[in-house]
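Colleague: Sequence:
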Amino acid sequence: MARDGGAVRVAVLGSLNMDLVTTVERLPRPGETVLGRNFARYPGGKGLNQAVAAARLGAEVTLFGRVGNDAFGEELLAVARENGVDVSYVEKVPAQTGISAILVDPQGENMIAYAPGANYTVDEAYLGRVLPLLSGADVLLLQLEIPLSAVAATLSRLPQDRPLVVLNPSPALDLNALPLRRVDVLVPNSQEFQILSGWSGKPEE
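Using the numbering used here, the first residue of the sequence shown is number 6, and each one after it goes up by one.
The reader is advised that the hints may include incorrect statements.
What follows is a set of in silico ranges between Cβ atoms, one per label pair, in the way DEER data are often shown [claimed, not checked]:
| no. | residue 1 | residue 2 | range |
| --- | --- | --- | --- |
| 1 | 35 | 164 | 43 to 51 Å |
| 2 | 38 | 120 | 16 to 24 Å |
| 3 | 76 | 41 | 16 to 24 Å |
| 4 | 79 | 45 | 14 to 22 Å |
| 5 | 154 | 75 | 19 to 27 Å |
| 6 | 165 | 111 | 47 to 55 Å |
Calculated from the structure, these hints are not laboratory results. Nothing here was measured: the structure is a model prediction, and the numbers come from that model. For each residue, glycine too, the CB sits at the ideal point set by N, CA and C.
Based on the provided sequences and hints, a complete structural model is requested.
Modeller: Written out as structure tokens, the structure reads:
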């Protein structure tokens, strides 16, 4: 619920990536080259995806993170703006924008290599500048495609009257370094749930 009766104010601290997708007849074996059929690039990153989704649902969304001072970074910022996301606090840094190189076969199986680039430059200095803005939101969305230390620092420095905190623990990492008591809603997928809980059953169980 918004504090002033208006749109819910959502802050998203996370990644902005360009997904580079090649479709192939089959996935290559180690050391093998295969011929690709089609290539496309898509704006992505869990932070950007969350921000756009929240804006489309009518929230007032501000995105926080970093991109490189390059064409991919400009394209990602343009996509966010086109979807009504405030990117005033996304910083450009002298690093490459994060990318994911993805191979997909006809059955939908894939291989992914992630180069975080500028996403992994989110640091204490940046957090110090934006923490008051994160704390002033109604909802704060977090994921783990920025340094785990940055997520931990954010959680530990939020005030007692912090916003509702939603954490998508993806990619699946060791969360022992995170003060999870500061997280209100945890939204893992089935694989992440198994890692967090130690449960080894099937998802339908």
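Colleague: Decide, hint by hint, whether the structure agrees.
Modeller: Hint check results:
1. The hinted window of 43 to 51 Å between residue 35 and residue 164 holds, with their beta carbons roughly 50 Å apart.
2. In this structure the supplied range 16 to 24 Å holds for residue 38 paired with residue 120, their Cβ-Cβ distance being about 20 Å.
3. The given range of 16 to 24 Å is respected by residue 76 and residue 41, whose C-beta atoms sit roughly 21 Å from each other.
4. Checked against the given bound of 14 to 22 Å, the beta carbons of residue 79 and residue 45, roughly 18 Å apart, stay inside it.
5. In this structure, residue 154 and residue 75 meet the distance hint of 19 to 27 Å, their C-beta atoms being roughly 25 Å apart.
6. The beta-carbon spacing between residue 165 and residue 111, approximately 52 Å, falls within the hinted interval of 47 to 55 Å.
Of the numbered hints stated above, none is contradicted by the structure.
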